[in-house]
Amino acid sequence: MNPRSKTAIRKTLRAFVIELLIYAALVTIYFFAVLHFLGGWLVQLETRHIHTYALVAIALIIGQAAVLEAVTTWLMRLLRGGRSE
Amino acid sequence: MYFPISHTQIHPAYLVVIGFLIGLLGGFFGVGGSFIAGPALRAIGMDWNFAVGTDLAHIVGKSVVAAKRHRALGNVDLRLGLIMAVGTIAGAEVGAQLIEAFKRAGNVNLVVSVVSIVIYVSISGFMICETWATLAAARRRKRAGQSRRTSGKADESAFTHMTEAIHRWRIPPMITLPESGITISLWLIMLVAFVGGLFSGFLGGGAGYIRMPSMVYILGMPTHLAVGTDLFEIIISASYGTFTHAIKGNVDILIALVMNTGAAIGAQLGAISTQYFTGPKIRLAFVPLPLIGAAIVIYTLVTGHKL
Numbered sequence: 000m001n002p003r004s005k006t007a008i009r010k011t012l013r014a015f016v017i018e019l020l021i022y023a024a025l026v027t028i029y030f031f032a033v034l035h036f037l038g039g040w041l042v043q044l045e046t047r048h049i050h051t052y053a054l055v056a057i058a059l060i061i062g063q064a065a066v067l068e069a070v071t072t073w074l075m076r077l078l079r080g081g082r083s084e
Numbered sequence: 000m001y002f003p004i005s006h007t008q009i010h011p012a013y014l015v016v017i018g019f020l021i022g023l024l025g026g027f028f029g030v031g032g033s034f035i036a037g038p039a040l041r042a043i044g045m046d047w048n049f050a051v052g053t054d055l056a057h058i059v060g061k062s063v064v065a066a067k068r069h070r071a072l073g074n075v076d077l078r079l080g081l082i083m084a085v086g087t088i089a090g091a092e093v094g095a096q097l098i099e100a101f102k103r104a105g106n107v108n109l110v111v112s113v114v115s116i117v118i119y120v121s122i123s124g125f126m127i128c129e130t131w132a133t134l135a136a137a138r139r140r141k142r143a144g145q146s147r148r149t150s151g152k153a154d155e156s157a158f159t160h161m162t163e164a165i166h167r168w169r170i171p172p173m174i175t176l177p178e179s180g181i182t183i184s185l186w187l188i189m190l191v192a193f194v195g196g197l198f199s200g201f202l203g204g205g206a207g208y209i210r211m212p213s214m215v216y217i218l219g220m221p222t223h224l225a226v227g228t229d230l231f232e233i234i235i236s237a238s239y240g241t242f243t244h245a246i247k248g249n250v251d252i253l254i255a256l257v258m259n260t261g262a263a264i265g266a267q268l269g270a271i272s273t274q275y276f277t278g279p280k281i282r283l284a285f286v287p288l289p290l291i292g293a294a295i296v297i298y299t300l301v302t303g304h305k306l
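Note that the protein sequences, when read in sequence, are chains A and B.
Under numbering that gives the first Met the number 0, think of the first position of the first sequence as 0, with each following residue one higher.
Under numbering that gives the first Met the number 0, think of the first position of the second sequence as 0, with each following residue one higher.
Worth flagging that the hints you see were computed from the coordinates, not collected in a lab.
Errors might be hidden in some of the hints.
[Unchecked claim] Here are a few chain A residues that sit away from chain B, every Cβ distance over 10 Å (derived from the structure):
id	residue
1	ALA7
2	LYS10
3	ILE17
4	GLY38
[To be verified] Chain B stretches covered by chain A per the calculated footprint, using a threshold of three residues with CB under 8 Å from any CB of chain A:
id	region
5	2 to 16
6	63 to 76
7	158 to 165
8	249 to 262
9	282 to 288
Cβ coordinates follow ideal geometry from the N, Cα and C atoms, glycine included.
Given the sequences, and given the hints that come with them, work out the whole structure.
What follows is the structure in structure tokens.
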């Protein structure tokens, strides 16, 4: 492997580790926020209004996925100088 | 951490790691990954019904992330995905009814186990023969100095003649899909989707291990597009599955949300990695996945313990 490739791989790995650290911090904050604010409400909804719970569950998972995709793409762009892949 | 909906105690790091692994596989191969998620959730003491329902909810989230990334890479045929969703949902309902019929007959476990082992092993066997032949032909061309394509998304198959023979089945209405570069009978698309849905309802999970190869060999799509479109289609069919399981009280959405945080990173990495592999190499790497599924079923059949 030539030295230029080695440097590129090292840079990518460093960016990935930084991404993971920032992402882990964001996710930890998010866990506590979600479980604290939504946990009780979702349990109530699941026991009393199961159809509403089903719809809310789908909306939450799709909404969270869209936000996480945006966050991870933004992190990749930020740390790799405008490239997301 | 205690999850009050399913009354389960799970460390969130475990869920994030499992989500990451499934996201990675899903982003790269276009599969739901239920053959890992189901046993992984069962292994920490979650009830089987909650494991299945929660896994489906998590599949929705992971597929949104991976499909968005594949869409950005030009790997999603939205029109085909929407058409297939109709066939998949119909097939899933028939599959679920079949399960009920076999339950009434009292032999559901044996029938499902034997069918799944035969299907999994057949898919792996066929794919290993096809990719081996395709890669060998590419090597021969390279040695002869006749390299056909250089693009990372370039795709070829040793079974193109089989796909062409299937495409001669021109029963109207014919559908043109410019993104996939094919013109094909609507009934053929519905058949592929229905069979995928049938196995999804019958064997559980998203059935990407059947749909992705079917899209390549029967519909004649490039592998990268099959992976991306399958993921888009899974969003719709798994959302339907999540709803039906949730109203039966089988979904702990808090667990699915935590798993999805790991899956978001894994799915992005998996989707981006497809750029660096040609179609036949992705298909060759896919071969062990159905075999893992078969091994899990054989283990369950022999020991009587459901993973």
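Comparing the hints with the structure gives:
no. : hint       : result
1   : ALA7       : holds (13 Å)
2   : LYS10      : holds (16 Å)
3   : ILE17      : holds (13 Å)
4   : GLY38      : violated (6 Å)
5   : 2 to 16    : holds (count 4)
6   : 63 to 76   : holds (count 6)
7   : 158 to 165 : violated (count 0)
8   : 249 to 262 : holds (count 8)
9   : 282 to 288 : violated (count 0)
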